[in-house]
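J.: Sequence:
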Amino acid sequence: MSDGKFRPLDPNSQECPTEFLLFNFGIGSPALKPAHERFLRQGILLILKTNGDHKVRLVGRASRSGPDSFDMKLSRQRADAVATFLTREGIDPKRIQVDFIGKSHPFSTANESEEDRSVEIHLQISPTLIIELEGGWIVQQANVMVQTIREAFDPIAAQAGRKLQIHLGQGIATGRGDLNLHFDPGGREMRPCSETLLMGSDGSANISVGAHQSLRVCGDPTLGVGDPSDVNFGSQFEPVFENGEREFARFVGNTCVHELAHIIAKIEHSPDPDNFMFAVGSQGANLPKDRRTREGMRRHWGGPKTFNAAQIKKMVCAMHTGFFSGGATFNGSP
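Per my numbering, the sequence shown runs over residues 1 to 334.
Hints are computed from structural coordinates only; laboratory data are not their basis.
Each hint should be verified, as a subset may be incorrect.
[Unchecked claim] Listed below are the simulated PhoX-like cross-link pairs for lysine-lysine, each with C-alpha atoms no more than 20 Å apart in a straight line:
| no. | residue 1 | residue 2 |
| --- | --- | --- |
| 1 | Lys55 | Lys163 |
| 2 | Lys163 | Lys313 |
| 3 | Lys33 | Lys73 |
| 4 | Lys5 | Lys33 |
| 5 | Lys49 | Lys313 |
| 6 | Lys103 | Lys163 |
| 7 | Lys103 | Lys73 |
| 8 | Lys55 | Lys94 |
| 9 | Lys94 | Lys49 |
[Said to hold, decoys possible] If you anchor each label on the Cβ, the simulated ranges turn out as follows:
| no. | residue 1 | residue 2 | range |
| --- | --- | --- | --- |
| 10 | Glu245 | Asn206 | 21 to 27 Å |
| 11 | Arg41 | Pro11 | 45 to 51 Å |
| 12 | Gln124 | Glu238 | 52 to 58 Å |
| 13 | Glu112 | Glu15 | 43 to 49 Å |
| 14 | Thr84 | Arg299 | 53 to 59 Å |
| 15 | Glu247 | Thr128 | 28 to 34 Å |
| 16 | Pro127 | Asn206 | 26 to 32 Å |
| 17 | Arg299 | Phe107 | 30 to 36 Å |
As the structure is a prediction and not an experimental result, all values here were calculated from the model.
Don't be surprised by glycine CBs; every beta carbon is placed ideally from N, CA and C.
Using the sequences and the hints given, assemble the complete structure.
T.: Here it is as structure tokens:
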């Protein structure tokens, strides 16, 4: 028995599809095939579970080899089979719309076509994208942190056709967002002059505010007073920021953007110190020497950052579909 198949409905949306055709059902059968279930579980189900306000419309189809009444009933059974699979996996039936069209509007001129033995899947994307900052109240001047996040992601969300909402938890959970960050007051136990500056757990939802407050000037000692490129690290045990400063709130905001980009589309680290994805110790990168003084580090970590065009393109697609794990391969059969 041949396995099931799937493809985007719109061939022009191969990179970022939201409408799919689940096809090659068995002749006269509404049963899902193994490949159908894998696609639903690894793609559609994951998107619906990650995005609580997304909905889905299912349209059942049938080929033209049987009587009209049989084909109409079969098309409904195929759409119902997909709906049953989704509800069995935890999706609220109220988020699922089931339609069926029998043999009308066929894809093929053949009486027996594998594409007509199918179910159309239309994701109905929520117009809003919610970022939840649970416990973000521990960052003083949190409005500056929120504004930093908004300035980074508002234009990307707009390109994705969605409006960004940022909820700042005040110690009481306000409900899970589409993207969630949790703020931890800990992290101070990390060595302030270790090789890497771990401000969040890359790719996770945790931000250690204590690690930000423990930031110190770190680096090799001065080699010689005659070398103007040398930097005096005598202040390496002096805190770079204090919670309550606007620069500190921007520093935490920049880290939030960094971690969210990992979560949204698995955006990798960059050696560019002015990119949101820069990380000390990543790809052999380190801060330029003129940024390793206390004032230089304040300007660097609390200053403006950017994404490059390739990073933005990946995040636009991820935000558009709501598939927040680096992208999915929807444009072919397994």
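J.: A separate judgement is required for each hint: does it hold in the structure or not?
T.: Hint check results:
Distance restraint check for lysine 55 and lysine 163: the Cα-Cα separation of roughly 17 Å lies within the 20 Å cut-off, and the hinted pair is therefore satisfied. Straight-line distance between C-alpha atoms of lysine 163 and lysine 313 comes to about 17 Å, which keeps the hinted pair within the 20 Å bound. Proposed proximity of lysine 33 and lysine 73 is supported: the alpha carbons are some 19 Å apart, at most 20 Å. A distance of roughly 9 Å separates the Cα atoms of lysine 5 and lysine 33; the hinted pair therefore holds under the 20 Å criterion.
For a cut-off of 20 Å, the pair hint linking lysine 49 to lysine 313 is broken: about 24 Å separates their Cα positions. Annotation: proposed proximity of lysine 103 to lysine 163 is violated, straight-line Cα distance about 38 Å (limit 20 Å). Proposed proximity of lysine 103 and lysine 73 is supported: the alpha carbons are some 10 Å apart, at most 20 Å. At roughly 8 Å between alpha-carbon atoms, lysine 55 and lysine 94 fall within 20 Å of each other, so this suggested pair holds.
Under the criterion of a C-alpha separation no larger than 20 Å, the hint pairing lysine 94 with lysine 49 is consistent with the structure, at around 14 Å. Evaluation of the 21 to 27 Å hint for glutamate 245 and asparagine 206 yields a pass: the beta carbon distance comes to about 22 Å. Look at arginine 41 against proline 11: about 24 Å separates their beta carbons, and that is not inside 45 to 51 Å. For the pair glutamine 124 and glutamate 238, the supplied restraint of 52 to 58 Å holds, since their beta-carbon distance comes to about 53 Å.
At about 32 Å, the CB distance of glutamate 112 to glutamate 15 disagrees with the hint of 43 to 49 Å. In this structure, threonine 84 and arginine 299 meet the distance hint of 53 to 59 Å, their C-beta atoms being roughly 57 Å apart. Range check, glutamate 247 to threonine 128: about 30 Å between beta-carbon atoms, so the 28 to 34 Å window is met. Checked against the given bound of 26 to 32 Å, the beta carbons of proline 127 and asparagine 206, roughly 29 Å apart, stay inside it.
Checked against the hint of 30 to 36 Å, the C-beta distance between arginine 299 and phenylalanine 107 comes to roughly 59 Å, which is inconsistent with it.
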